[in-house]
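Please arrange chain C on chain V, whose structure you already have, making use of the hints.
So you can see what is in the structure, the chains are spelled out below.
Number of protein chains: 2
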Amino acid sequence: MKWKRSERLVDMTRHLLDCPHELIPLTFFSERYQSAKSSISEDLTIVNETFKEKGTGKLMTVTGAAGGVKFIPQMDEQAIRETISLLMEELGQSDRLLPGGYLFMADLLGNPKIMDRVGKVFASAFAETEIDAIMTVATKGIPIAHAIARHMNVPVVIVRRDSKVTEGSTVTINYVSGSSRRIQTMVLSKRSMPSGQKVLLTDDFMKAGGTMAGMKNLLEEFDCELAGIAVLVEAAHHTDVLVEEYLSLVKLCEVNEKDRTIELNEGNYFLKGGN
Amino acid sequence: MKWKRSERLVDMTRHLLDCPHELIPLTFFSERYQSAKSSISEDLTIVNETFKEKGTGKLMTVTGAAGGVKFIPQMDEQAIRETISLLMEELGQSDRLLPGGYLFMADLLGNPKIMDRVGKVFASAFAETEIDAIMTVATKGIPIAHAIARHMNVPVVIVRRDSKVTEGSTVTINYVSGSSRRIQTMVLSKRSMPSGQKVLLTDDFMKAGGTMAGMKNLLEEFDCELAGIAVLVEAAHHTDVLVEEYLSLVKLCEVNEKDRTIELNEGNYFLKGGN
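Chains V and C are the protein sequences, given in the same order.
Each residue of the first sequence is one higher than the one before, counting from 1 in the numbering used here.
Each residue of the second sequence is one higher than the one before, counting from 1 in the numbering used here.
Isolated chain V, as found in the complex:
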C-alpha cells in the first residue's frame, strides 16, 4: 500500500525524532512507505525546513552509496535562553535552601520535561563534537546524562562511589575532592567502557571540580579521552576550578542562610560558545 505524503510526513517525523544522530538510508523510507526516492527527498526537505523554522534541529544529508539522512537535534538560542531562565527561576526559590547553604534540586532532576530540555541544550552545544559516551557519577547526574544521551544516541557510563557485585571487576581510583579536600573513591566497572572512547562528563553540580577531575583520572585509566564537560549548576568559589573547559547553565553566586536569599547568574554556556 502506497502512503500519502501527509501520512509519510507524520511517521517520518516520528522516526527521525526517535533516532537522533543516526544515519538512515533513503531506501529505509522508500520501502517503508512504498514510495519513490524522489518523493522521500521532497518529504525530507519539508521536514528539514519545518524543523529549522521551529528550532527542532536539522537534517544532514549524506550522499553516496552509504548515504542517507541524519537528524541532529539543535535548540535555537531563544529556547536555550528560556530553559536557562526557567532553571534560574526555579532554583532561586528561597525554600530550596538547605542547612549548610546547599540547594534542594531533586525535584528538578526528577522532572522528565525539564531534564529533556536540559539534555537537548547540551546536545545542541556538542552536536558537532565527536562523542562516544557520556559519563557521570551516581546518583544525581544520571538523569542529566541520560537526557543528553538520548539526544546524542550514545551510551551512558555510570561511575559509583562503591563497588558492587553486579558490576563485575572494577577499576578504583582515589582523588581529593576540590572543596572539602577529603579523599574520595570512584569505581568504574571494567567492562562498562572500552578504550579509545571520546567521553563527555556531566553532573548536576560543580564547585571546585574535584569530581570532574576524578572522572578525568578515570578516563586516563581506561585510555579514553575527555571530549567535554557539561554541568547544570556551577558554584562560585575562591580557589581555581580543577578543570579548565566546561559548560554550565546556571551559576550559584551566593547563598545567605540568614536572610534566606539565593543569588544566581547565567552559567558560561553562551560565553563558551555553547551555541
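Hints may be right or wrong, so weigh each one.
What the hints assert, rightly or not - List time: in silico DSSO-like cross-link candidates among lysine-lysine, alpha-carbon distance up to 30 Å:
hint : chain 1 : residue 1 : chain 2 : residue 2
1    : V       : Lys37     : C       : Lys54
2    : C       : Lys164    : V       : Lys113
3    : C       : Lys216    : C       : Lys258
Hints are computed from structural coordinates only; laboratory data are not their basis.
What follows is chain C alone, placed relative to chain V:
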C-alpha cells in the same frame, strides 16, 4: 504567516511526541499555525491514523471548553514482543555471567535507545492507570524510571540507601531484603513527594521483592498509594515473592556458573494483561 498542512503535520507531530499525556487545547495549534480549528482537526485526524497504523500511540480528544487533544504513547503488541526478544537475546549472552550467578546489565541500562523502548513498553501497560509519580531505588533503576516517566509525563522520585545533606530532612525505614534476609535501610527526602500520590514502583531486577516491599512501606509513610510495579528482570526463586502484582519483561530462570549458561524466559508482561 499561515502554515501549509505539510508543515503543520511535521511540527504538530513533534509537539505531540514531546508532550505525552498532556492536554493541548486546539487553540494552541490554531494560534501557532495561524490556521482555522477545522483545519487543525483534520490534521489531528491524519496524525492519529498514522500513529495508530504504525504503533506510535493514539490521540485522545477531550471536548468542551477545557477540551483539547492528548497524545497517549502506546506500543503495539508486535513491537513489545520485539523489545522483549531483544532483551532476552542480549541478556542470554554467557559473557554477562558474573561470580555469584549475577548478570552484568549496566550496558543495557546505559543504552538510551533500549531504555526508551523499555520505558514505552511499561508506559503502554499503565497508559490507562492513574499515576502521579514513579519511584525507584538508586542507582540502577533510575534510567528505567526516567524512561517510563518521559512517556507518562510524571516526576521521578529516587529513594536512596543513605542520607545526604543535599536531600534536606528525610524519612528512613528499615526492611528485610527478601533473598539475603539482611536488614537494609531506605531513605527518602521528605520534600521529594507530597502525600496522596499514586505511585508506580520500578527497578531493574527483582528476586524475592524485598526492595519493592521496602518501597511499599515508604509509600505508606508518605500516605501514598501503590499504583503498580514494573521490573525489567525478575529472577525465579524458591520462596514466595513479597509483592503480589507486578509486571516483568524477562524472567531469569537458571544460571549455571560452571557451564556458563543462562536460561531466560519471557516475563509475565502479557500474562498479566500488560497490553
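Hint by hint, here is what the structure shows:
1. The suggested pairing of lysine 37/V with lysine 54/C holds, with an alpha-carbon distance near 20 Å, which does not exceed 30 Å.
2. With a CA separation close to 25 Å, the supplied pair lysine 164/C and lysine 113/V stays within the 30 Å bound.
3. A distance of roughly 37 Å separates the Cα atoms of lysine 216/C and lysine 258/C; the hinted pair therefore is violated under the 30 Å criterion.
The structure fails hint 3 only (numbered hints given earlier).
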